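S.K.: The whole structure should be built from the sequences, with the hints applied where relevant.
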Amino acid sequence: MKVKIKKKFNNIEFSEYNNKEKGGKKRSSLLTSFDRMEYSIVTDNSKDTLFHICDTILSGRAVLANFDKLDPEDANDMLNFISGVVYATEGKIFQIDEKIFLFGRKEEFEDGSLYQYVEDTK
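Residue 1 is where the sequence shown starts when you use this note's numbering, and the numbers rise one by one after that.
The hints are simulated quantities; they were obtained by calculation from the structure and are not laboratory data. What you are looking at is a predicted structure, and each value in this text was computed from that prediction instead of being measured. Accuracy of the hints is not assured; some may be wrong.
Unchecked claim - Estimated spans, in silico, between C-beta atoms of each pair: (1) K106 - N76: 22 to 28 angstroms; (2) H52 - L31: 17 to 23 angstroms; (3) E107 - D74: 26 to 32 angstroms; (4) I41 - E73: 14 to 20 angstroms; (5) I93 - K69: 18 to 24 angstroms; (6) L30 - Y87: 19 to 25 angstroms; (7) I100 - D48: 18 to 24 angstroms; (8) L30 - D77: 35 to 41 angstroms.
Stated by the list, open to error - No more than 27 angstroms apart at the CA atoms, straight line, and that leaves these computed lysine-lysine pairs for DSSO-like: (9) K122 - K69; (10) K47 - K92; (11) K47 - K106; (12) K69 - K47; (13) K122 - K92; (14) K99 - K69; (15) K99 - K122; (16) K99 - K47; (17) K92 - K69; (18) K106 - K92; (19) K122 - K106.
Here a beta-carbon is modelled for each residue, glycine too, at the ideal position from N, C-alpha and C.
M.R.: Shown next as structure tokens:
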């Protein structure tokens, strides 16, 4: 006698952060915040580089910045300035590695894709 086993699949929504019934916002794009994230390898401590990272954050895109090629003092100066921008937008900063940081406004974290990235890199 053979027994049939039915597999039950969970119905998983893309993101519980985007549920309208729970007060989530309607997304205007099919891309997640992770898909729209900009990766930046910081090689100099110029104001142009610093302002480019800050402008990207302010424009609604998360930034994954690698400060590996910068000396610690210059990297800390840039981190202080970027941290102020992130704080002003009620955003979040995650340290992914020793010299790699993820910056984003609170709106970029609402879809859950950036939180998932942070968890996956641990």
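S.K.: Each hint: holds or not?
M.R.: Each hint, compared with the structure:
The hinted range of 22 to 28 angstroms is satisfied by K106 and N76, whose Cβ atoms lie roughly 24 angstroms apart. The hint said 17 to 23 angstroms for the Cβ distance between H52 and L31, and at roughly 21 angstroms that hint holds. Look at E107 against D74: about 29 angstroms separates their beta carbons, and that is inside 26 to 32 angstroms. The given range of 14 to 20 angstroms is respected by I41 and E73, whose C-beta atoms sit roughly 18 angstroms from each other.
In this structure the hint that I93 and K69 lie 18 to 24 angstroms apart at CB holds, the actual value being about 20 angstroms. For L30 and Y87, the Cβ-Cβ distance of about 30 angstroms falls outside the hinted range of 19 to 25 angstroms, so the restraint is violated. The hinted window of 18 to 24 angstroms between I100 and D48 holds, with their beta carbons roughly 21 angstroms apart. For L30 and D77, the hinted distance range of 35 to 41 angstroms is satisfied, since their beta carbons lie about 38 angstroms from each other.
The straight-line distance between the Cα atoms of K122 and K69 is roughly 22 angstroms, inside the 27 angstroms bound, and the hint therefore holds. Straight-line distance between C-alpha atoms of K47 and K92 comes to about 22 angstroms, which keeps the hinted pair within the 27 angstroms bound. With a CA separation close to 25 angstroms, the supplied pair K47 and K106 stays within the 27 angstroms bound. For the hint pairing K69 with K47, the CA-to-CA distance comes to about 16 angstroms; that is within 27 angstroms, so the pair holds.
About 17 angstroms separates the Cα atoms of K122 and K92, which keeps this hinted pair within 27 angstroms; it holds. At most 27 angstroms may separate the alpha-carbon atoms for a hinted pair to count; K99 and K69 meet this at roughly 9 angstroms. Distance check on the hinted pair: K99 and K122 sit about 14 angstroms apart at the alpha-carbon level, within 27 angstroms; holds. Among the hinted pairs, K99 with K47 is consistent with the structure: their alpha-carbon atoms are about 19 angstroms apart, no more than 27 angstroms.
Straight-line distance between C-alpha atoms of K92 and K69 comes to about 23 angstroms, which keeps the hinted pair within the 27 angstroms bound. Taking the CA atoms of K106 and K92, the gap is near 7 angstroms; set against the 27 angstroms cutoff, the hint holds. Between K122 and K106 the CA atoms are separated by roughly 21 angstroms; this keeps the pair inside 27 angstroms, and the hint holds.
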